[in-house]
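A.B. asks: Protein sequence lines, in the order shown, are assigned to chains A and B. Numbering that gives the first Met the number 0 puts the first sequence at residues 0 to 521. Numbering that gives the first Met the number 0 puts the second sequence at residues 0 to 91.
Heads up, none of these hints are tricks.
If you anchor each label on the Cβ, the simulated ranges turn out as follows:
no., chain 1, residue 1, chain 2, residue 2, range
1, B, T18, A, P335, 39 to 49 Å
2, A, V221, B, P36, 26 to 36 Å
3, A, E217, B, Q77, 30 to 40 Å
4, A, A432, B, T18, 50 to 60 Å
5, A, D261, B, P36, 16 to 26 Å
6, B, T18, A, D261, 27 to 37 Å
7, B, P36, A, K288, 38 to 48 Å
If you are wondering where the hints come from, they were derived from the structure by calculation, not from laboratory data. What you are looking at is a predicted structure, and each value in this text was computed from that prediction instead of being measured. Cβ coordinates follow ideal geometry from the N, Cα and C atoms, glycine included.
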Amino acid sequence: MGLAVPPFSLSNSAGTDISFPSGRESLVCFVKEDCPTCREVMPVLCALQRTLGAALDVHIVGQTAEGNEILETEFSPPQPLLDDSDLKVSFASDIDTVPTLFWSDADGAPRRTLIGFVRDEWRALADELGGSADVDWDALPEWRPGCGSKSVDPAISERLRAESENSPLRARRIDIGTQDDEFEFMFDQGFSDGLPLVPPTPERVMRMLAGTRRDPQEVLAVMPPNMGEVTVEKAAINAVMAGCKPEYMPVINTIVQAICTDEYNIHGVMATTMGASPVVVVNGPVREKIGMNMKLGALGQGNRANATIGRAVRLLIRNVGGAEPGGTERSTLGNPMKFTLCFAEWEERNPWTPLHVERGFEAEDSVVTVFTMTSGPTLIVDQESRSAGQLAGTMGLCLEAAFNPKAHYATDCLLVVVPEHVDTLMRDGYTKADLRRRIQEVTARPIRDLVADDVSGAGFKQEMAANMDEEALDKRLPKFRTDEDIHIVVAGSEAGKFSGAFHGWATGEIGSISVSRKIDEL
Amino acid sequence: MPTILDPTDERVPVTRTITPRPAEITGNVAFLDISKPRGNVLIDRLEELLTERLPGVTFNRYAKPTFTKPAPEDLRQQIQADNDFVIEALAD
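Next up, chain A with everything else stripped away, as it sits in the complex (with noise of 0.2 Å):
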């Protein structure tokens, strides 16, 4: 039993503060009034006060200050009840259950610990102490277990964390002026990105932590462009802002760790004038298991997991990486898609292998992707194609747009097949591989048609033309450098000939590479 009372002052309904140990043994029972055991026990609380307070302290600690004014009324203690409503002695004494019964030492070591209301043992204790004169054991029940101590009700115990001498909070306190509205406040300190904020009280930070394995100070990663520290107590600061739940916060975790890589570059991707955003895929059980969205609406609004994961990373590259618009971030138009953009790959509906798994992951592991989008979802409209290759052809031919239809190599892309647009490609056995092949050859262009013109002044620079040769000029260039340039997953509901695809921004070494990293804490 490793609960002890821990020393303590506290004042009684006289006003006079009683500290503890006083260097007199002592009896010291927490109650709360709304229990029918803590009822049942007073009549005994105030027979010990009587019988045994001129040999030792006897307290009865009460946990509300209305009940104790009602215990007071009721049972007419010899000594008042001491206040401890704002429950901080309860919580240190780690108890579960009131009443519970301390015989401490006159030094406060405990001596025994009684649990609930057992007769045989408090009479046991009482005839030790030399206390039962005054006691009609026989009145009372053998057993009762007593209630939930109000140190541990869900509602409050939180706070009594954070507030604790242990508290695993490390961030700084902030408090807010009475008169200030905390939403308008949180506005003001450029803490939002535009929409209101859940403000992140101390107990809710606490409840968000409670979510993650992880130490409360381990740093998940240095964000830039302030190289700022994401700490896993900053992270759940902004997961409560953006609205999560705590069980979303290993997720959350896991896309900080993979767009703070150098492969990722999450500094030029906040930095670019392109409006570039993560784009977070996520794979494997946790979908399930936080109830994410891979169906009707995946990319849309309405899920409060793809919402508010998506949302919480883009707060903390605000207010930890330091990315704020006008400041490191330069976007000229910027996009609806920086506020979120996170979901699930629906693998069920899939005839392919998933994201994760072609990416080197199991099955069974729950995996987040991150890939940079400048553009999208824009909509891949085909409900007429009924061969695979007409399908995927009209895939090529909306995707030659992306940056503009004379980029070639320029690009990545993440391309959201629909179950619809999957069965058509399935009649005819495509292959992921098929897919993208057949990209790559509706969308090979030679050289010629890719140069600079009246047109457009996009594209290959007419010196560079001038100096190439007929067989250079005819040489055919696939939209995309490779075929692994071309990301695919399913999602989306079973009805609608609509699938969407996202457009990179600069790829490869010289930007941004798409990172997928398995979320370990699960």
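Please arrange chain B on chain A, whose structure you already have, making use of the hints.
C.D. replies: Below, chain B alone, put in the same frame as chain A:
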């Protein structure tokens, strides 16, 4: 009074003093191309003009591996060690 936890990195920026501006350009001048398209065109022209005007000055050319990432530490140190001035071509 509601209390919230600070969501930022809590860093207070350090105020830095700008290096004093000399009255004239002497010694070595670095041209840093961040590797955006046509940054080299800008720097070529600048070098041509400045070489005419500043015959006693040595110009050194440098380039970042990619414009999307901060300059590597080694490159920054090399530029600092070998030069008195830097001219950076930022973008296309």
